[in-house]
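*Asks:* Construct the complete structure from the given sequences, taking the supplied hints into account.
Here is how the chains run, residue by residue.
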Amino acid sequence: MSEAASSAAYWLPVIFIGLMGLAVLVYAILDGYDLGVGILLPLGEEDEAQRDTMIASIGPFWDANETWLVLAIGLLLIAFPIAHNLILMHLYIPAAIMLVGLILRGVAFDFRAKAAVGYKLTWDRTFKAGSIITTLAQGYMLGQYVMGFQPGWQAQLFSAVSALGVTAAYSYMGSTWLVLKTETQLQERAVRWARRAGRATLLGVVAVSAINPLVNPTVFDRWFSYPLVMFVLLIPTLCFLAFIFNDLLLARLPKTNDRHSALPFALVVTIFLMCFTGLAFSFYPDIVPGQLNIWQAASATVSLKFILVGALIVIPVILIYTAFSYRVFRGKATELHYH
Amino acid sequence: MLDTLILSRIQFATNISFHILFPTITIALAWIIVFFKLRYDQTDNPVWMRAYRFWVKVFALTFALGVVSGITMSFQFGTNWPGFMARVGNIAGPLLGYEVLTAFFLEATFLGIMLFGIKRVPSKVHTFSAFVVAIGTTLSAFWILALNSWMQTPSGFELRDGVAYPESWLAIIFNASFPYRLTHMLLASGLTASFFVAGISAYRILKGDPKRAPRLALKTGLTLAAVFIPIQIFVGDLHGLNTFKYQPQKVAAMEGVWETERSAPLLLFAIPDGEEKTNHYEIAIPKMASLILTHELNGEIKGIEEFPEDHPPVAPVFFAFRIMVGMGLLMLVVSWGGCYLLWRRKELPRWALKTLVGMTFAGWVATLAGWYVTEIGRQPWLVTGVLRTADAVTPIPPSHVGFSLTLYLVVYVVLLYAYINTLKVMALKSVKVEEFETEEPLAGGSLTNLPESTQKQSKGESHE
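These protein sequence lines map, in sequence, to chains A and B.
Count along the first sequence from 1, add 8, and you get the number used in the working numbering.
Count along the second sequence from 1, add 71, and you get the number used in the working numbering.
Calculated directly from the structure, the hints in this document are not laboratory data.
Any given hint could be a false lead.
What the hints assert, rightly or not - Here are a few chain A residues that face chain B, going by a calculated C-beta distance under 7 Å:
1) L51
2) Y100
3) I111
4) S307
Don't be surprised by glycine CBs; every beta carbon is placed ideally from N, CA and C.
*Replies:* Okay, structure coming up:
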């Protein structure tokens with residue numbers, strides 16, 4: 009095994025699952041906030057100005073955000089084709105529904121600004137509906153994945169809880185993004201949304217974390233075996249503290265000079281990071297829980313080597329460029345059109 | 072009853088046909104936009120900036136449709152064609168991966184600055200962003216066509232237990248049909264975007280737009296089309312000869328040749344009959360097909376009969392080919408005629424403008440027809456000689472595929488209607504609005520999604 013452990017056939021799948029995990033995490037954070045903004049979009053007639061600002065706050069980013077999903081699915085397809093086949097065959101219907109949701113919200117975004125004025129509200133509704141459909145479908149698929157695609161009502165119930173949990177989590181992300189990117193009334197509104205979404209997210213996370221080890225004995229063993237338990241329990245603890253601290257902080261926002269307006273978003277990113285680490289820890293090295301591990305699902309070593317060269321050059325560049333882009337568009341969304 | 076195979080094929084065709092409409096425009100439109108921006112940087116003439124600002128909005132809309140319909144594609148392989156990745160994933164995966172890594176990201180990230188950053192970054196950085204987006208769209212075509220061409224004429228691999236393993240990436244990427252297909256497709260995009268720009272500009276002029284920007288755009292589009300079309304006809308011929316060499320069964324279907332013959336006639340029209348293995352109602356030019364394909368009057372063309380189990384259905388390939396060629400000839404007449412009129416009298420007469428409006432989406436028709444020729448022409452193979460389409464399909468029940476297909480069809484019909492309608496609305500808006508002539512060009516920005524931009528437009532309207 010020691011010889012095998014040092015070989016490319018061992019390490020390449022590990023590297024690729026790392027890259028894919030990175031892509032999924034970045035996707036969940038980035039598209040999480042823009043889907044969240046879509047979910048929160050208020051549809052009243054008097055809300056039009058706020059809708060414009062909310063959508064302006066994600067304007068320069070959403071294209072690139074959704075591209076991380078293509079990268080994540082792309083890496084799954086390239087590095088673990090058998091897993092890609094297996095997962096997507098199980099998730100055929102929810103994946104189709106999610107894609108339609110993504111299509112609707114993506115185009116609504118552009119149509120709302122360019123179509124005849126009379127249709128603007130229709131496209132805003134489409135944007136909100138598309139965001140909700142996408143999020144519910146993603147949460148449902150996450151639930152199905154965690155349950156290892158088992159049939160039966162328990163799995164369906166768990167997936168339903170997961171769908172609602174992810175919807176709450178994206179709303180949490182989106183509302184704290186708005187706290188960061190907006191001011192005055194909309195910001196105050198976003199703070200209220202954030203508190204409510206935060207509590208709902210906490211419920212969802214607790215529910216999923218409690219059910220997951222109960223239904224998956226291997227997950228239970230992994231989390232609650234000594235001495236690892238001392239270390240890994242840090243993850244839920246940190247996660248819980250972040251929730252509490254954020255709730256207390258949000259109660260005091262907005263502060264004068266807009267102090268600490270970026271902190272809630274950073275805390276939600278931390279929560280996402282913890283939840284993601286928890287999930288990864290539960291299942292690694294399985295890529296389809298209980299059915300397939302990363303070495304069984306991996307492509308040929310030559311293919312992985314060829315694509316690795318590109319990935320190692322391009323992914324850092326993308327990260328640097330993304331940071332640059334966020335710097336260019338830093339500041340409040342309402343200011344986007346001044347200067 | 073339709074089975075999973077045929078439903079999956081229809082679904083893949085639907086998704087990719089819908090998707091290709093938008094990249095076909097944006098690949099070349101990105102370069103046209105860079106041209107407008109560069110001309111502005113050089114001349115400081117605001118009319119170029121105005122042309123840029125209008126077309127960058129059209130680009131953003133088209134690009135968004137391309138992005139969202141492209142996401143669907145990355146799921147298709149796993150949902151409907153698991154056999155594809157299981158058998159040739161070692162080759163298809165990295166090529167698709169490079170497409171995502173180099174192209175998709177390059178476009179999507181730099182697009183933010185290109186669309187919204189004009190006031191936030193120096194003009195040079197902005198022009199550079201537009202340039203990178205254009206590079207990205209072209210690279211995207213490069214990788215996708217490398218994979219598609221490999222599926223047509225595979226090389227540089229070995230089969231072990233039915234699974235393809237790469238041997239030489241250079242041989243895989245630069246396979247026999249790749250250079251021809253790539254050039255043919257890039258020119259197709261050039262023509263599609265040229266007629267698109269010319270058509271929408273002609274529409275604006277017809278609706279009474281007195282400004283110079285649509286006239287400049289019209290001239291740019293028409294000139295580009297007139298330059299591209301003869302090159303395209305030449306490259307198309309080379310591509311056909313390449314196909315004749317490597318995939319003779321496809322050419323047999325294109326030409327409607329059932330039995331191997333010398334001095335084969337060129338069929339202008341016929342109704343191929345797959346049952347009887349013959350053509351009805353032929354209108355033909357004697358010996359022309361042999362002349363075109365072999366450059367000899369009595370050259371031999373292999374007929375469908377030589378490929379008993381391995382030939383595509385003749386009728387769709389035959390008709391699609393004629394639609395593509397017919398559209399190409401129409402483009403030749405219209406673009407050269409238009410250029411001649413423009414040269415003689417500066418302003419096009421109304422009937423010519425109307426013709427151009429009618430030709431706005433001519434590129435779509437030709438491109439789709441061309442892709443149907445090459446893709447249906449590859450059947451029954453998914454990867455020629457390596458994997459049959461029927462062996463790659465998913466085992467899921469037809470009702471699932473029927474459900475998703477219905478969903479996609481409904482959404483696509485609505486979106487296509489909304490897209491064309493929105494283009495019309497944008498063109499009409501720009502006829503009335505003076506854009507930003509009174510403002511400092513650099514401060515203009517293309518903040519189409521911001522409340523301020525609608526205010527600006529309504530202010531512009533009240534000035535009128």
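*Asks:* So, for every hint listed, does it hold in this structure?
*Replies:* Against the structure, the hints:
1. L51: violated (16 Å)
2. Y100: holds (5 Å)
3. I111: OK, holds: I111(A) within 7 Å of chain B, min 4 Å.
4. S307: holds (5 Å)
When each numbered hint is compared with the structure, a violation occurs for hint 1 only.
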